[in-house]
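Student: Spelled out from the first residue to the last, the chains are:
Protein chains: 2
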Amino acid sequence: MAEAFRIRNKEVLLFQRSYPMRRAVDPEISKDIIEELQKHNVNLHLGESFKDVEDEDKALRIISDKDEYLVDIIILAMGVRPNVDLAKRMGVKLGVTGAIKVNERMETSVKDVYAAGDNVEAIHLVSGKPVYLPFAPAANKMGRVAGDNIAGGSSRFKGVLETTFTKIFSLHVGRTGLSAWEAEAAGFDVAAVDINHVSRSHYFPGKEQMHIRLIADRESHRILGGAITGREGVAGRVNTLAAALWGGLTVEDLTQLDLGYAPPFAPVWDGLVIAANVMKRELK
Amino acid sequence: MAEAFRIRNKEVLLFQRSYPMRRAVDPEISKDIIEELQKHNVNLHLGESFKDVEDEDKALRIISDKDEYLVDIIILAMGVRPNVDLAKRMGVKLGVTGAIKVNERMETSVKDVYAAGDNVEAIHLVSGKPVYLPFAPAANKMGRVAGDNIAGGSSRFKGVLETTFTKIFSLHVGRTGLSAWEAEAAGFDVAAVDINHVSRSHYFPGKEQMHIRLIADRESHRILGGAITGREGVAGRVNTLAAALWGGLTVEDLTQLDLGYAPPFAPVWDGLVIAANVMKRELK
Chain R
1 MAEAFRIRNK EVLLFQRSYP MRRAVDPEIS KDIIEELQKH NVNLHLGESF
51 KDVEDEDKAL RIISDKDEYL VDIIILAMGV RPNVDLAKRM GVKLGVTGAI
101 KVNERMETSV KDVYAAGDNV EAIHLVSGKP VYLPFAPAAN KMGRVAGDNI
151 AGGSSRFKGV LETTFTKIFS LHVGRTGLSA WEAEAAGFDV AAVDINHVSR
201 SHYFPGKEQM HIRLIADRES HRILGGAITG REGVAGRVNT LAAALWGGLT
251 VEDLTQLDLG YAPPFAPVWD GLVIAANVMK RELK
Chain B
1 MAEAFRIRNK EVLLFQRSYP MRRAVDPEIS KDIIEELQKH NVNLHLGESF
51 KDVEDEDKAL RIISDKDEYL VDIIILAMGV RPNVDLAKRM GVKLGVTGAI
101 KVNERMETSV KDVYAAGDNV EAIHLVSGKP VYLPFAPAAN KMGRVAGDNI
151 AGGSSRFKGV LETTFTKIFS LHVGRTGLSA WEAEAAGFDV AAVDINHVSR
201 SHYFPGKEQM HIRLIADRES HRILGGAITG REGVAGRVNT LAAALWGGLT
251 VEDLTQLDLG YAPPFAPVWD GLVIAANVMK RELK
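Taken in order, these protein sequences are the chains called R and B. Numbering (the numbering used here) for the first sequence: 1 to 284. Numbering (the numbering used here) for the second sequence: 1 to 284.
For the record, the hints were derived by calculation from the structure and aren't laboratory data. Built from N, CA and C at the ideal position, the CB exists for glycine as well. Keep in mind that the hints are not guaranteed to be accurate.
Distance condition first, Cα-Cα at most 16 Å in a straight line; then the derived EDC-like pairs of lysine to aspartate or glutamate [said to hold, decoys possible]:
#1 B:K158 - R:E252
#2 B:K284 - R:D148
#3 R:K158 - B:E11
#4 R:K101 - R:D112
Selected chain R positions facing chain B (Cβ under 7 Å, derived; list incomplete) [to be verified]:
#5 G147
#6 N149
#7 A151
#8 L161
#9 T240
#10 A244
#11 D258
Chain B stretches covered by chain R per the calculated footprint, using a threshold of three residues with CB under 8 Å from any CB of chain R [unchecked claim]:
#12 197-203
#13 209-220
Next up, chain R with everything else stripped away, as it sits in the complex (with noise of 0.2 Å):
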């Protein structure tokens, strides 16, 4: 909303009470988002928490713990919550997360009831834990299985590794798995690696810069999840590295993956396999 706003030269501020995409990826993925909104002109306020709202005339002044201002329009994004009361009425449980509980099969708990989609939890495939997180490609792929079993069929949802990507203007933003600051609440013995490398042969036209902050269990050597940041090439990394998570993938395996090369589309050591061998070194 902030881009489309000013890509029509309205003035935005933009208040958060941490830093944009906490949810979803660590504060050093988070700064070059920073940048980006303020390459832009976005206004942020960062660390600022939003009190009270008054109707003034022809405008609504915010009053947050740090300041006021008059503002057109307030766009409120809070987050998200399951709705399940109809789950609730047909006395269908709950997992820990508040959605719906399913197996693999997604039966609920009551027979013959099944339930696919934005108001059901998922196992997370890194953390093994449940998790409530409610994106489409889930949600689509849920619903095939529970069609496929509804209708007599044997498959299985196996779970989430919360691959996202997203536009902030023209900076590409990827990230699968776990985060630092979610791997060590899950329980790892966390190892977090930042580099910066090219999108295509230093030499070729049009190469760009790109993030990658790779994060991995210190223990088992396991890649735990990634983030990037650049202006191409992005979804496609975030999506092998997505790959490699379901696999169980090591950071000794990530050195080694062939992936390809050619000038116009990665350099001879792609940013991947560079994160993998600045890893293997943090962990040594």
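Chain B: place on chain R using the hints.
Tutor: This is chain B only, laid out in the frame that chain R set:
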């Protein structure tokens, strides 16, 4: 080279005994390459063999098994062979491919002699067989492993997937693992599916069509390889398949793989997941 000469508006005749990129891809993928070459007015002479060349006044006469052609320049691309003269003189054993045989530490058959790079064979991680694939990313990784071990470390080079990208005019081509013909030659019971899908959400500006070919083993349902052509988003998806191959993912895994979604980068059902769903039906 064909592209470079066409960009300079030179007439180009391209002779090939079989079809373009036969070593790397199946005819189904090569068809897209042929269309791109034709679109840019490269005169294709497929299934036509070079017999002889004669020197004419200010020109060269090509004699094929079908016709004769007068040209200014002939460029021959006849494949690559390892240069193993030094290895032979040192008594270093060669492998079945004719390239230098090494173990995972890059040690040759001669004590304290290591080999790495374009003269060395490697294990193909899908077929488990030695292959000679002199590509830069593997050569670089081998060098790093050899160097580490020479200096007292204990790194291992696992093998290759033959992940390669190329750009032919504006067509991106990528492949990883085994093509159907390679998989058959390696003894697998091969299933192949071809799908067409979009690189971004269908309503998002700049979306491009892509063709995804997926290869799997009918017995184990393991993914054996894949190839993609398109005009964006090809390289990242091929790398994603490469990571899936490294982890030994099945077709069922790929139907569930949590790939990212955002309209500028991918539709909610990524093409790889669609291809896996089509393959799942094919395997029934």
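Student: Taking each numbered hint in turn, which are not upheld by the structure, reported in ascending numerical order?
Tutor: 3, 5, 6, 7, 12, 13
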